[in-house]
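A.B. asks: Spelled out, the chains give:
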Amino acid sequence: MSTEPGLETKSRRNVLAALNSGLHQAFAADPRVILLGEDVLDPYGGAFKVTKGLSSAYPDRVWTTPISEAGIVGVASGMALRGLRPVVEIMFGDFLTLAADQIINHAAKFRWMYNDQVRVPLIVRTPMGGRRGYGPTHSQTLEKFFLGVPGLRVVSVAAFGDPGEMLRRIILEGEDPVLFIENKLLYSLPLFDEGDSDELTVRTDWTSSEPNTATQPMALTPHPPTPVFTVRLRGSPPPVLSVAAYGYMAELARKAMVKLAYEKEVFIELVVPTQLAPIQLQPILHSVYQTGRLLTLEEGSLTSGWGAEVIARLVETGDLRTTKIRRLAALDLPVPASGALESAVLPGMEAVIASIVNML
Amino acid sequence: MYRQMIDDTLLYERLYTIRRFEETLLENFPKGVFFGTTHTSLGQEADAVGVLSHLRQGDVVFSNHRGHGHFLAAGGDPRSLFAELMGRATGVCGGRGGSQHLYWGNFYSNGVQGGISPVATGMALAEKHRRSGAVVIAFIGDGTLGEGVVYEALNMAALWQAPMLFVLENNRIAQTTPIEQAVAGSLSARFSAFGIPFAELDSSDVCLIHSLAGEQLDQVRREGKPRALILHTARFGPHSKGDDTRSPEAIEQIRRQRDPLSIQATRLDADSLEKIQAVVNLRIDQAYQAALADPYPVLDSQVADVH
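Sequence lines, in order, name chains G and R.
Just so you know, my numbering puts 356 at position 356 of the first sequence, and the rest follows in order with no gaps.
Just so you know, my numbering puts 1247 at position 247 of the second sequence, and the rest follows in order with no gaps.
Just so you know, the hints here were simulated from the structure itself, not pulled from any lab data.
Hints should not be assumed to be uniformly reliable.
Cβ pair distances, simulated, as ranges [said to hold, decoys possible]:
| # | chain 1 | residue 1 | chain 2 | residue 2 | range |
| --- | --- | --- | --- | --- | --- |
| 1 | G | 135 | R | 1292 | 51 to 61 angstroms |
| 2 | R | 1195 | G | 59 | 18 to 28 angstroms |
| 3 | G | 324 | R | 1105 | 50 to 60 angstroms |
| 4 | G | 12 | R | 1036 | 54 to 64 angstroms |
| 5 | G | 137 | R | 1185 | 26 to 36 angstroms |
| 6 | G | 341 | R | 1200 | 50 to 60 angstroms |
| 7 | G | 203 | R | 1058 | 44 to 54 angstroms |
| 8 | G | 332 | R | 1249 | 48 to 58 angstroms |
Backbone N, C-alpha and C fix where the C-beta goes; we use that ideal spot for every residue, glycine too.
Turn these sequences into a full structure, and let the hints guide you.
C.D. replies: What follows is the structure, encoded as structure tokens:
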């Protein structure tokens, strides 16, 4: 895993290097950017090394903190209210529960409840997800609990596009609190580069699919730099099924897409939003209306998750050209430590393939 | 040393403004003109006035659920506060926030007890980072001490030298729970454990509070570090409305012994008192009547100018 800043090469830069570079660029661009987190100082550079090099370059603006997740999110939201652009790193997404009051009752509320007179440009970054054997309190995918919090944007990193650029722009241009979810297994993935790939085509949709603020009240500034990626096998026949996925599930879906094409001659389309709330729906609907089938994937537990919201909204359009709709998610169980159990609880690539085949 | 710097009349007028505002609120609540609930600070007005009479340009105040007095003492407009409590478009926050969620200038309040402590700490650190010279004053209460995030905030405020004053108003009762049933150990040790210097006063005399708060704030400004001011006080109003579980005798005794208005009134002659009261009565009544005539907000009226 490449962790040194400035080392990313043109060809195989990975997600971690991109995020690290995005942070460095944001710090270079604006002296109001400040970062708080546990163990973020060099030489350690954070538990997952996303902040590597940052404290050496900007010692006054990178603060290592006590183990006080609620406190540091609160401090950062106070900083944001008073004109800084703070970024908080929560070491494991599981610990977001500790900061939930600060996120829900403070940061996300301020702008709206203060009658739009303040802005809270706060980014809370956190690694999420399992498959590393960390066990029940260090492996979860908890962002579903933060979807639908008015005033809060929930963003999920993808290996498509440039996640570092997305992070940089959110830090520098954002006006509202953002929960920025980084699936741990994405860090080491090389960024997908269409120029490099003769296998996939990626359409990047920059137009916001959020509700129109002219017709629907929102507690957020619309149109952030969060693209939706629509992925197909290059030169494939029309796909017969749409998969909507984010985080590492999108990577599993990408692998499944290739495998299904070569081994079963089944062609699917993959839609990968980078923003989970407010929900990015249009590109998913667009795909579903062509394929007639939708499978949503998520690594969080099944009940009341992102997929449920996607499907509810699809159904509410009243346009049911879709014949089959399914969700695949983790079982409604804690994430076990043992790899043997963990792989039974979290949806893997084989489960993705099986779900797709079952829907045909 | 501060005794000479502010005049007794002005202090009384500020105390009386808060009192008259909150009495008007309680008197009219049964008419159904206010939304939700409210928490008044009858008896504690001297804390608000004593501390916030020291505000300078740029200073930030973070208040809590019992914040009308703080808002008014910080210079907030009674009419827009009435309007906010009545849920009118002209309210401090257009009716969105209500009693516990105010923002005006550099004044903020929120309704979750402990949660404001780290936010206020972050504000102070931002002011320091920007070298604005401003300080932050955060009001907490004895009840707030039950929430752990307060201690996270004290720790970080001390570690990072946040230029702020934590004002702990100990009215010895959290809603209906007496301090003996909710707070173990020492109040001041909670601050000294983090190396935060504190000053403590058990009085409802606005002059004493004003003087001590002035010294503390001067120190905060000079040192750029946090301090705490523990003000033992007494509220003789209910937590909210008609929900006081204390005996009427006990409440009456507090009112007799600890009413900051009676204490400050002894420094003025009857004539001036009457004049101040007449002026403030009129001002508060006009504010109330004006707010009553203000329009209600519509949900999408503010949406158009979200940018």
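A.B. asks: Against this structure, judge whether each hint is valid.
C.D. replies: Hint check:
Our hint of 51 to 61 angstroms for residue 135 of chain G and residue 1292 of chain R holds, since their Cβ atoms are close to 59 angstroms apart. At roughly 23 angstroms, the beta carbons of residue 1195 of chain R and residue 59 of chain G sit within the given window of 18 to 28 angstroms. Between residue 324 of chain G and residue 1105 of chain R the CB atoms are about 57 angstroms apart, so this pair conforms to the stated range of 50 to 60 angstroms. A beta carbon spacing of about 58 angstroms between residue 12 of chain G and residue 1036 of chain R agrees with the range 54 to 64 angstroms that was offered as a hint.
At about 30 angstroms, the CB distance of residue 137 of chain G to residue 1185 of chain R agrees with the hint of 26 to 36 angstroms. The supplied range of 50 to 60 angstroms is met by residue 341 of chain G and residue 1200 of chain R, whose beta-carbon atoms lie about 56 angstroms from each other. A hinted range of 44 to 54 angstroms for the beta carbons of residue 203 of chain G and residue 1058 of chain R is consistent with their spacing of about 50 angstroms. Distance hint check for residue 332 of chain G and residue 1249 of chain R: the Cβ-Cβ separation is about 57 angstroms, which falls inside the suggested range of 48 to 58 angstroms.
Of the hints listed earlier, there is not a single one the structure fails to meet.
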